[in-house]
Amino acid sequence: MLVKDIMTERVIAIDPTMPIGDVYALMEQRNIRHFPIVRNDDLIGIVSDRDIRSVGSELPSSKQGVTLQDPVERIMSAPPITTYAADPVEESAHILRERKIGAMPVVDEQDRLIGIVTGIDFLEALIKMTGVEGATSRLEVEVDNRPGSLAALSEAISRRGVNIASVLSTRKDTDTLSFVLRVGTIDGRGLANELREEGFDVVWPTETKLV
Amino acid sequence: MSAEPTTSAADASTTASGATPYAFVYDPSLGEYQLSDSHPFKPLRLELTRSLLECVGLLDKTHLVTPEPISEALLRRIHTDDYIAVVKTLSAGRSHDLAFRSGLGTADNPIFPGMHDAIMAVCSATVKAVDLVASGRAQRALNLSGGLHHAFADRASGFCVYNDLALGIEHAAQHYGLRVLYLDIDAHHGDGVQQLFYERGDVMTVSIHESGRYLFPGTGHTYELGKNDGRGLSVNVPLEPFTEDDSYLECFEAVVPAAIEAFRPDLILLQAGADMHRYDPLADLALSTRSIGESYRRVSELADEFCDGRLVATGGGGYDAYRTAPRAWSQLWAALSRQDMPETLPESWRQRWQPRSDQPLPSRLYDDLTSWDAIPRQSDIEAHNRTVLRRLRNTLDPVWRERFGYTLG
Chain A
2 MLVKDIMTER
12 VIAIDPTMPI
22 GDVYALMEQR
32 NIRHFPIVRN
42 DDLIGIVSDR
52 DIRSVGSELP
62 SSKQGVTLQD
72 PVERIMSAPP
82 ITTYAADPVE
92 ESAHILRERK
102 IGAMPVVDEQ
112 DRLIGIVTGI
122 DFLEALIKMT
132 GVEGATSRLE
142 VEVDNRPGSL
152 AALSEAISRR
162 GVNIASVLST
172 RKDTDTLSFV
182 LRVGTIDGRG
192 LANELREEGF
202 DVVWPTETKL
212 V
Chain B
21 MSAEPTTSAA
31 DASTTASGAT
41 PYAFVYDPSL
51 GEYQLSDSHP
61 FKPLRLELTR
71 SLLECVGLLD
81 KTHLVTPEPI
91 SEALLRRIHT
101 DDYIAVVKTL
111 SAGRSHDLAF
121 RSGLGTADNP
131 IFPGMHDAIM
141 AVCSATVKAV
151 DLVASGRAQR
161 ALNLSGGLHH
171 AFADRASGFC
181 VYNDLALGIE
191 HAAQHYGLRV
201 LYLDIDAHHG
211 DGVQQLFYER
221 GDVMTVSIHE
231 SGRYLFPGTG
241 HTYELGKNDG
251 RGLSVNVPLE
261 PFTEDDSYLE
271 CFEAVVPAAI
281 EAFRPDLILL
291 QAGADMHRYD
301 PLADLALSTR
311 SIGESYRRVS
321 ELADEFCDGR
331 LVATGGGGYD
341 AYRTAPRAWS
351 QLWAALSRQD
361 MPETLPESWR
371 QRWQPRSDQP
381 LPSRLYDDLT
391 SWDAIPRQSD
401 IEAHNRTVLR
411 RLRNTLDPVW
421 RERFGYTLG
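These protein sequence lines are chains A and B, in that order.
Take 2 as the starting number for the first sequence in the numbering used here and just add one per residue.
Take 21 as the starting number for the second sequence in the numbering used here and just add one per residue.
Derived by calculation from the structure, the hints in this document are not laboratory data.
Note that the coordinates shown come from a computational prediction; the quantities given were computed from them, not determined experimentally.
Some hints could be false.
Claimed, not checked - For lysine-lysine, the following BS3-like pairs were computed, each having C-alpha atoms within a straight-line distance of at most 30 Å:
id : chain 1 : residue 1 : chain 2 : residue 2
1  : B       : Lys108    : B       : Lys62
2  : B       : Lys62     : A       : Lys5
3  : B       : Lys81     : B       : Lys62
4  : B       : Lys81     : A       : Lys129
5  : A       : Lys129    : A       : Lys173
6  : A       : Lys129    : A       : Lys5
Could you put together the complete structure from these sequences and hints?
Here it is in structure tokens:
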């Protein structure tokens, strides 16, 4: 999954001369927290609702002396931290976390603004990647940490005509990988029991022992 | 559906004496929704229940009502034209490029000849049950062959090809202008029905199920509240595996009466899957037949209290065919028809069906809980379910307060 798959394309860019108060009114009106700042088609900065609020605040801040009538370029973050549309989402999410920022303008290879991506978009991506959107059963299997383990598991599942909607993996210890799969069958337990018979270590669903 | 509600032959024979208030919708063709020989969704469950009810004298010919075919126009109000075309093509034995995308030809939803007609028969029976109650010709009606709650507008899922419940709800809404409360107590989340009415202001869906963290279909979280006009009208109670009777009834009581009181429906449609039982091979809620019966009786009381008794029920899941489904669903019919199910099951019934079952058929209606091993972590499970209720209140109450002036808490 790439940044272009999760970004908002219809981004509102602001001129650096726009008064801070007007920028804030636009944020409120559109329910938006970040605007990229563009001068003559060049992306030069980004401004957040937090930057603006500190202007209106009596609390001490670096924005002392700035008024709501001043141009937004006085308080924007410049140059902005950007991400490329073709970056993988996990890489881009790292930047957001390392720099502790809420959003990044998305640029193409010529550094032209083509979208914006926010922390919420990355959460959205996480939800999509875990595959809980389609009707599926959860299957958790532990396999040896060696070549072919996942292939053998997916082969055994596909042989039963069951689709695998998503796979998440974590390393349990040096020798063991734990896979959480979402599989397209209502009879997750039936599938689990058949996999056990083939020797797979299925952690969920549990074996039926209740009677 | 014809513009005027029609009366079937079985119906007419009883309307002369003032209409049977309790209708058991039945037709031998309903047994044809058998997805494959070894498939766990067994129409046989219907025969086992009917035969048990006849043996104990709770069901006779005066209750039976034959379904009538429904119109394709109604079907098209719920399912997309493209999807219906795929089902018909596959049903006629031809292949279709969109089969897999439509959820058909999978392990859960194998393709079988005559599939379209077999499912339409099930849908007709549910619509008939709703029609009888909506029109006032019966107060209660049951279609045990129905309950296909996983079917979506354009996709088969979880043994369900067309959504008979959605068709019934739509019929009540469109033809009679009724507000329907859909209550789904199947162990699996009622995702198809919820999705189909997610933005509707005239239908509330309430689903109590084993959490999607563990069980198919994976949805049914407390934050799924409905959208737009439907905001606050989707209610979900996702329970822990191994919830057992006491915690189940506590959660049921905390949510169901309040939902009915808040929404004030004209009619309640109950999807009464029986797969929350301890013997069920597909799910893990581990209830006994006593709490399952309790939940039916409670819904019956609430229907009397809030919507003049108007209650329609269907079957659903329930994959322990011989021991569980008949004991659960005989109580369902007893609750609907205001009769009492005897606690001892007749020898004649057991003798008739025992040869076909791998397991000894129970002689008692209620499970003997003392014979079951205790499930560990019971207090953790109860505590977790109470957290689920708290979460539900936190998300739902602000929306309900605004919408109904009423809260769960």
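Each hint tested on the structure:
1. Only pairs whose Cα atoms come within 30 Å are accepted, and Lys108 of chain B paired with Lys62 of chain B is accepted, the gap being roughly 22 Å.
2. Taken as a hint, the Lys62 of chain B and Lys5 of chain A pair is broken in the structure, with Cα atoms around 47 Å apart against an allowance of 30 Å.
3. Of the pairs offered as hints, the one joining Lys81 of chain B and Lys62 of chain B holds, with about 24 Å between alpha carbons and a cut-off of 30 Å not exceeded.
4. A hinted pair counts as satisfied when its Cα atoms are at most 30 Å apart, and Lys81 of chain B with Lys129 of chain A does not qualify at roughly 52 Å.
5. For the proposed pair Lys129 of chain A and Lys173 of chain A, the alpha carbon gap of about 23 Å is at most 30 Å, so the pair holds.
6. With a C-alpha separation of about 15 Å, the suggested pair Lys129 of chain A and Lys5 of chain A falls inside the 30 Å cut-off, and the hint holds.
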